[in-house]
Amino acid sequence: MAESSPRPTTIVIAALGGQGGGVLSSWIVDVAEHAGFLAQATSVPGVAQRTGTTIYYLELFPEEAATAAGRDPVLALMPVPGEVDIVVVSELVEAGRTVLRGLVTPERTTVITSSHREYSVVEKAVMGDGIVDASGVRAAVEEAAKACVVFDMAALAESTSSVISSVMFGALAGTGVLPFQREQYEQTITRSGIAVDRSLTGFAAGYAGAVGERDADAADEPPLMVVPVAVEAEALLARVEATFPVPARERIIDGMRRLADYQDLRYAAAYLDRLDGIRELDGGGEDGQYRLTAETARYLALWMSYEDAIRVADLKTRSARFERFRKEVGADPEQLVYVVEYLHPRVEEICDILPAPLGGFVMRRDGLRKLLDKVVSRGRHVPTAKLGGFLLLYMIAGLRRWRRWSYRHGREMALIDSWLGRITASASADYALAVEIARCQRLIKGYGDTHANGMKNFNAIMNVVDRIDHGANASDRIGALRDAALADEDGRALRDAISVIFE
Amino acid sequence: MAERSFAKEVQSLRLGAGEVFRGEGILGVTKALLESGVAYVGGYQGAPISHLMDVFSDARPILDELGVHFETSASEAAAAAMLAASINYPIRGAVTWKSTVGTNVASDALSNLSSAGVLGGALIILGEDYGEGASIIQERTHAFAMKSQMWLLDPRPNLRSITSAVADGFDLSEVSNTPVMLELRIRACHVYGRFDAKDNKRPAMTVQEALQSPRRDASKINLPPFTFLHEQDKVARRWPAAVDFVTRRGLNEIFDGDASDVGIILQGGMYNFVVRALELLGLSDTFGATRIPLYVLNVTYPLVEAELTRFCCDKKAVLVVEEGQPDFIAQAVSRHLNDADLRTTVVGKDVLPMAGEYTGAVVLDGVRQFVERWAPETITMAVATPPAPAESFVELQRAVPARPPGLCTGCPERPLFTAVKLLERELGPVHISADIGCHSFATLPPFNLGNTIMGYGLGLAAASAFGGSGDHRALTIMGDGGFWHNGLSSGITNAVFNDDNGVIVVVDNSYSAATGGQPVPSSKLSATGRKVRYSIQNAVKGVGVRWVRTVRTYDIAKMLATLRDAMTTRATGPKVIVAEGECQLNRQRRIKPLIAAAINDGKRVVQERFGVDADTCTGDHSCIRLSGCPSLTIRPNPDPLREDPVAYVDNSCVGCGVCGSVAHAAVLCPSFYKAQIVVNPNRWDRFLGAVRRGVIGFLQRSADRRRAVREF
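Line by line, the protein sequences are chains W and A. Mind the numbering: the first sequence is residues 0 to 502 in numbering that gives the first Met the number 0, read in order. Mind the numbering: the second sequence is residues 0 to 711 in numbering that gives the first Met the number 0, read in order.
One chain only, chain W, in its complex shape (with noise of 0.2 angstroms):
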């Protein structure tokens, strides 16, 4: 009895809402039915449809063999573990979690799924870095699969102005999986009779995907820059190499080119000139990777490179930017595309910028501070793309030859010496602790509101940095009180760390 009888194909597929993983549900169904297959899908769309993830389920069931039995399959409503044929995912993680649930199985499971990520909102809100280290998924799905065709599906969707759903479509097709010849799925999209040539492009790329594998993996290597170098440069070049160790050169580098793109090379120098102090303390640590110097330089670089209106009117008024926002947008040839910035610019970005005598004059008057702030804090709407916009940010950006007298300069790089001089004074004490120090600068970042919040938390830290005994632990705490930073915008969480230690 169960031995003879023929076995339904199993097919799950798993999609993000919005791509189109019932449009694709459906797709199967009519192409298994076209080609003499009883087919039975279904799914719990509610409210996972919006944003969520939701799971299809589809048993094909060959029609002949229930005309020989006389009588109608019965087919399954939810996959059961370890009986599923086939697993189609739009996303990694959601394989991943394919994985979990226990749908994949070594005997009998192909699993097809795009590579590229789709980031949940637990990821997105976090205040550093809340991306989950997905590295080990993939692997992960290849170990627990029979088979598996991975490759960036939705890049593919980009790339023939095509959807996700299309091209996994393709890749179904491709893995030759299901007993259906490539025409046939084809002609499932011309009887669909919506957007049809853009889904048959977007299958044809999946398909090809899915067959050539290898290929569609590689990404294009963009081509190496070559830019002439000044001579300026090219002796702080010379002194990085002479003077800084291998392992931190590359970090140096990429802050020096930072720094004279965002001032000037003296600047640069400026830079190489507070790190050699800080280089001369650090004996390249336990691992020899002189994490101090290295460490150190990514940050000072970070905070040098302070984010005041000069800056942001300089970036917005870049020939590169204007390039890169058509092409974000997609725009033909053809097309204009115009941009309007969204600033809030609020007494305090003003004085940043004026000479530092004015600026401090403004604000160590409280009312002659907020009088201002009414005047000029207003959410502003410039289109940087039209000659009014643009000049007025061109002209602030201008103000970069200046920007050594402005009342924000003199307040960073005092802030910076004193940064600089905690991380000198734990050095030879406590390495661990010196670099810890250094990275504390993670949380000074943004504008306004959160650039503030940033700095109290630091300050707090560095408060704690100056009452903690050497050694003991000291980095560990001093790291785990930087985490406690980063996990919520009131700052209880480092309240609650800070009083800890001294409890």
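Source of the hints: derived by calculation from the structure; they are not laboratory data.
In silico DSSO-like links for lysine-lysine, alpha-carbon gap of 27 angstroms or less:
#1 A/K673 <-> W/K385
#2 W/K373 <-> A/K557
#3 A/K146 <-> A/K233
#4 A/K591 <-> W/K326
#5 W/K326 <-> W/K385
#6 A/K146 <-> A/K348
#7 A/K523 <-> A/K540
#8 W/K373 <-> A/K673
#9 W/K369 <-> W/K455
#10 A/K557 <-> A/K540
#11 A/K315 <-> A/K348
#12 A/K602 <-> W/K326
#13 A/K591 <-> A/K530
#14 W/K369 <-> A/K557
#15 W/K326 <-> A/K673
#16 A/K523 <-> A/K557
#17 A/K602 <-> A/K673
#18 A/K673 <-> A/K591
#19 A/K557 <-> A/K673
#20 A/K602 <-> W/K385
#21 A/K530 <-> A/K540
#22 A/K146 <-> A/K219
#23 W/K373 <-> W/K455
#24 A/K7 <-> A/K591
Which chain A residues stay away from chain W? Per the calculated CB distances, all over 12 angstroms, these:
#25 A77
#26 S218
#27 A316
#28 Q330
#29 V429
#30 T492
#31 V544
#32 I590
These stretches of chain A come out as covered by chain W in the derived footprint (C-beta under 8 angstroms, 3 or more residues):
#33 608 to 621
#34 696 to 703
Remember, predicted model here, so these are calculated numbers, not experimental data. For every residue, glycine included, the Cβ atom is placed at its ideal position computed from N, Cα and C.
Position chain A relative to chain W; hints supplied.
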């Protein structure tokens, strides 16, 4: 017009005898209603039965031809009460809703209906939202059947059985003068399959014909002394009549097998799961030829005791496969076997879980345990064991983040919750009484706003204990769906009557959006295209609210100011803010074809979408925490020195502008920009474009040259 168009499905409603219907289970039900000569249909939308309502809405011409009255009821209570038409007249009516939430709302009317009893068949089609992906409380409909003595059908989950159950349900209802409930699990509602169509039937009597000669029967009125007689009639006449009909029509099915000393008693809806389990254990083939006898209850209430005795009399043990709790069926079976003095052991929730969905794996495990204990001799093949989670899965578990549902791209409710977040920054945390609808998602990340959800339209009533005077006020968020469902009476009127000081935001997005975009009374058009647009503002003023404001949700600054005002004003009585913004899912569906057509015609069109400059974004993600738009995502930082991922707007952006407004209102950062793409530019556009490009390009080239000197 709802989220999905059912033009194709509507055509399949015209199929006749000899043709094959293909489609979803719930659409099969729609067709079966017409084949059964139904005279009127009503209901309240909600997954998984929304499509039934949507198809009927789109099928007006067919319904008119047949003389069938259809309406979208204002609530499940209204739908249930509609069945009163079948009390005095021999006309068939059907209503539908999501259970058990809808059945709760309808239960007052259902009690009255089942007390009076019906002359014409009354069918209640219930979409069960139980188990994976369910959005509601996990309870059983079975209890409602038992308390009011309505019959409960739970057919095998294939289109033939489901559609037969519709026809049988009407007959059963008429024979026993009792309303009949037909419950369909969510997967059965959405299952794609086929059945042989029959011709549609005009109702034997239409509602208009009934009205021509009104009938009155005092004994059908729910007042004493008749209510006492109704109760007696239920147990003395209607119940036995139902049992008799179920037996004669053979509604329950017995599938015999050679292992005759054991058996499985199961709800019809569990049939495919049980057969698959038996198949995997080597005890059945794919066609359901089983070795273990099955007694399939396509009617789960009432039980047919004679059938039960016949099935169990030669068995030492039976397994009852009954999803949900309490285990009413197993209790009834045990009780009956005891009364009948049979020694059959009843196995049920001891090998199957008491609560939770009966998935394929769960049923397989339960059936295996039962067979191993009671019929080990039938096992001829190695019994499949579920794969044990591998060691590497622990690591995988960590790499797979939760993916909570959220508001759609461009949703008008998002800026409202951003404003509430900003309000909390000013006033501190606020007690928020949430309601049911898309806005319920605000209780999840990234907003995490909302303290309780009490039921549809009950948000304001749920905050009434906090309505007194004092420094603090509770905030209620309710949708237009909940508002018209019962929020106006149990919420607003109640608050006015009690001089409640609370603040209530009514989200007016023009649709019952969460259930698929059906119209509500404040929508522009009704389901059948009639102009409605009853004003929420007028309704609340009409019941006596003095403080009413209307704000576009996308105007975050104004919304914040209005919320602040409502939370702090000295005015007494409820403060109502109507937050207007058309559901973006439906808006896009409405305008996309229009824009595409205009572009095709060569007309000048300006399209907008948003972007983030990666080089000014510092990776703090405040914008995401304050918005959560699916199109606002992150990507690795292109800057070699920065570690935190940068924000990024992907191609699904619809240009609603919320991220820009958030950046303004929350003084976030200068990274957001709006791109305006001029498609089919005219001559003037091209001229201006050339001038701008010329001047800007000149300045940019000179800046590029200056930068080149310091680049390396």
